[in-house]
Amino acid sequence: MIKKALLSLCLFFALNTVFAQNHEKAFFYYKDGSVFVGEIVEENFRNTRLLLVTGDTITLDNYFVKRSWRDLLSFPNGKFHFTKGFFISYWQGGAIAGANQFSASTHTEMILGYRFNAQWALGGGLGIYSNEVGLDPVTNGFRTQDASCFNFYAYGRYYPWEKKIRPFAALKVGLGSPIGWANSLESKVHIQPGIGLSFPSKRSARIVLSLNQYLQYFQGNQFNTDIFNNPVSFDYNIWLNRTVLKFGVEFK
Amino acid sequence: MKRLMLFFLPLLLFSACSKDFGTIKVTYQKATAIYGNLEEIRNTPLVGAAQANIENPGKIFVSDQFLLIGEEGKGIHVLDNTNAEAPKPLYFMNIPGNREFFVKDNTIYGESYYDVVKIDISDITAPKLVSRLKNAFLADEVLNNKGEALVGFDFQEVTEEVALGSPIHQQASENNIVYFNHINSIIPPSAVPASFAGNSNSTSGTVNRITTYKDFVYFISFQKITTFQDNGQLALMSSTSVGNGDMETIFTKDNQLYIGARSSMLILGLENPEQPQMVGFFSHPNSCDPVYPYEDVIYLTLRSGDFGGCFGDQNALWVLEATSLNNNVGGWQVNQNIRTLQQIDMKSPFGMTMIGDKLYVGEGANGLKIFDATNRRNLSLLSWDKSVQAYDIIPHPSRTDLILIAGPRGLGQYKISNNNGFDLLSWVGY
Chain A
1 MIKKALLSLC LFFALNTVFA QNHEKAFFYY KDGSVFVGEI VEENFRNTRL
51 LLVTGDTITL DNYFVKRSWR DLLSFPNGKF HFTKGFFISY WQGGAIAGAN
101 QFSASTHTEM ILGYRFNAQW ALGGGLGIYS NEVGLDPVTN GFRTQDASCF
151 NFYAYGRYYP WEKKIRPFAA LKVGLGSPIG WANSLESKVH IQPGIGLSFP
201 SKRSARIVLS LNQYLQYFQG NQFNTDIFNN PVSFDYNIWL NRTVLKFGVE
251 FK
Chain B
1001 MKRLMLFFLP LLLFSACSKD FGTIKVTYQK ATAIYGNLEE IRNTPLVGAA
1051 QANIENPGKI FVSDQFLLIG EEGKGIHVLD NTNAEAPKPL YFMNIPGNRE
1101 FFVKDNTIYG ESYYDVVKID ISDITAPKLV SRLKNAFLAD EVLNNKGEAL
1151 VGFDFQEVTE EVALGSPIHQ QASENNIVYF NHINSIIPPS AVPASFAGNS
1201 NSTSGTVNRI TTYKDFVYFI SFQKITTFQD NGQLALMSST SVGNGDMETI
1251 FTKDNQLYIG ARSSMLILGL ENPEQPQMVG FFSHPNSCDP VYPYEDVIYL
1301 TLRSGDFGGC FGDQNALWVL EATSLNNNVG GWQVNQNIRT LQQIDMKSPF
1351 GMTMIGDKLY VGEGANGLKI FDATNRRNLS LLSWDKSVQA YDIIPHPSRT
1401 DLILIAGPRG LGQYKISNNN GFDLLSWVGY
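Those protein sequences? They're chains A and B, same order as listed. Quick note, the first sequence lines up with residues 1 to 252 if you use the working numbering. Quick note, the second sequence lines up with residues 1001 to 1430 if you use the working numbering.
Bear in mind the hints are in silico, worked out from the structure with no lab data behind them. Just to be clear, a hint being listed does not mean it is correct.
BS3-like mimics (lysine-lysine), calculated; alpha carbons at most 30 Å apart, straight line [stated by the list, open to error]:
| id | chain 1 | residue 1 | chain 2 | residue 2 |
| --- | --- | --- | --- | --- |
| 1 | A | Lys188 | A | Lys246 |
| 2 | B | Lys1025 | A | Lys246 |
| 3 | B | Lys1214 | B | Lys1128 |
| 4 | B | Lys1134 | B | Lys1214 |
| 5 | B | Lys1347 | B | Lys1415 |
| 6 | A | Lys202 | A | Lys252 |
| 7 | A | Lys188 | B | Lys1019 |
| 8 | A | Lys188 | B | Lys1415 |
| 9 | A | Lys202 | A | Lys164 |
To list a few chain B residues with every Cβ distance to chain A over 10 Å, as calculated [to be verified]:
| id | residue |
| --- | --- |
| 10 | Gly1022 |
| 11 | Thr1023 |
| 12 | Ile1024 |
| 13 | Thr1027 |
| 14 | Thr1032 |
| 15 | Leu1164 |
| 16 | Gln1389 |
Virtual Cβ for every residue (Gly too), placed ideally from N, Cα, C.
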């Protein structure tokens, strides 16, 4: 049963990948303001042959091309998504208030990735996660403590459909290094599955939006004294678990 | 738009799952409240039978005639010291709930649970309770359902696993109180196990929580300085929050109070002795520390790690200079007009005292250091005796050849030899 499911999943991804490649377009902007959209049939130093949506093939003189975007999913209003190449994105977000009032998080992330095709992108990133957590019952009555982290992670993104506003699923898996109050603790694992939307644009930058489940593991010991000067030790074994809404800007 | 709606739909589902999980294993001293009849406690006879053992020593006072050694929470052992070679127990002075006491002339000032007491010891064999100011630190006693007053806590080490989101975690998070917090009200335990209140030659110890100025008496808790006036009877004058809630020691010099706190040194002016005002503030690394102003400099020890929850990584003796102290500090003009002259690395510095031109600094289990303080502003180490464990040191009030050292295992009276060594004369163990 599991084998069948995995096979079906692989088939789904493979078909999607093949299907997507048939629709990749290129935009050519001439110095006089003309814009040509089509699939590149042939390309050399001097000329580019372009298959238009009408079925006609035209030859563009590269001398007149001011700028071109390739490997695109384009749409009638001139907006597009890239399907290949490097990208870099900056994200900012925060936790959505949940049941626990001491679960504030603000996230700042940078991701450097590479799009292999219209479906798959892989990369890596780093982030600063400022978390508030109620952990120290003596000095703080389990109230807010800063349990921030500096994390490195691997990043993967998958686009199942070629829509104008492209939904995607993403996953970050990495290691955290606590900073602030939590710096005496260890934070070994950081997992962040999420779903998102990528909005098309006519330029190299586009808006992205995602909803993530932020899971950060903390482990370790801390010591304190109570108001009578008696020692108190804490043995932490906890997962921060926050739903985080993020906005980002992605370049290329 | 419909797609965006579909995207945001999971927000509702996810937000319900947005709860940290896991456990915190907490090992702590569980405090069980002890209640008692306060009137019975207040009527305890002052003089009790001499006790053979000193179990939990606190403050120590030295005179030509006698020694006073505090028994934490119970009172004071009174010993005949007319023969310094062989002090003899006289009796036990019952002051229930007492941790700190201070002796000025022939008067003991101390706290007794909720009260402040004044005891006349002009005749040490027949002490008299002169004044008791009831509920000096709290407006009302903390009572249980039976009308008994909270008089302390019994501690037992326990380990409990607290799950995030469990009822106790929720209660602590939302109400912030799972215990009675008297941090601001009653004198907390000293950060030094046994230390000198002073001697009868007006030399004060450096690790006190009580001091005097003219006819005013000052008590410090972690957060508050409480001022009493002694016009025969004690009267409460003021109670003010000062500093960062980490005050530990107080010392009077001229018309100023020098307060050692875990994160700072505070200087309070006594132009209006009823209401001391902040005139100086010096921030330093977190540690336990007494402050010892002497002539035109201030000696400050920073200790961490070995007793009483003194966190940090500083073990040092600092020499400071304060200039142009004034009432305009407003409390928080950090380190203004106070500068560091010298920093000396130490092992675990506790109390200190100046005898002649030598500064004696107790290093706890790491011995006793003597510094040449001929130049008050630039100390140099003369000797380090690791055989004598010293929490605090004080000179004998009249015999210049004697020094008293309070250590982890007892109080020793030593004869000072010419080469800065110590010959044990007598020993009161605890």
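Here is how each hint holds up against the structure:
| no. | hint | in the structure |
| --- | --- | --- |
| 1 | A:Lys188 with A:Lys246 | holds, 23 Å |
| 2 | B:Lys1025 with A:Lys246 | violated, 34 Å |
| 3 | B:Lys1214 with B:Lys1128 | holds, 22 Å |
| 4 | B:Lys1134 with B:Lys1214 | holds, 22 Å |
| 5 | B:Lys1347 with B:Lys1415 | holds, 25 Å |
| 6 | A:Lys202 with A:Lys252 | holds, 11 Å |
| 7 | A:Lys188 with B:Lys1019 | holds, 19 Å |
| 8 | A:Lys188 with B:Lys1415 | violated, 59 Å |
| 9 | A:Lys202 with A:Lys164 | holds, 12 Å |
| 10 | Gly1022 | violated, 3 Å |
| 11 | Thr1023 | violated, 5 Å |
| 12 | Ile1024 | violated, 6 Å |
| 13 | Thr1027 | violated, 5 Å |
| 14 | Thr1032 | holds, 12 Å |
| 15 | Leu1164 | violated, 6 Å |
| 16 | Gln1389 | holds, 20 Å |
In this structure, the hints that do not hold are numbers 2, 8, 10, 11, 12, 13 and 15, in rising order.
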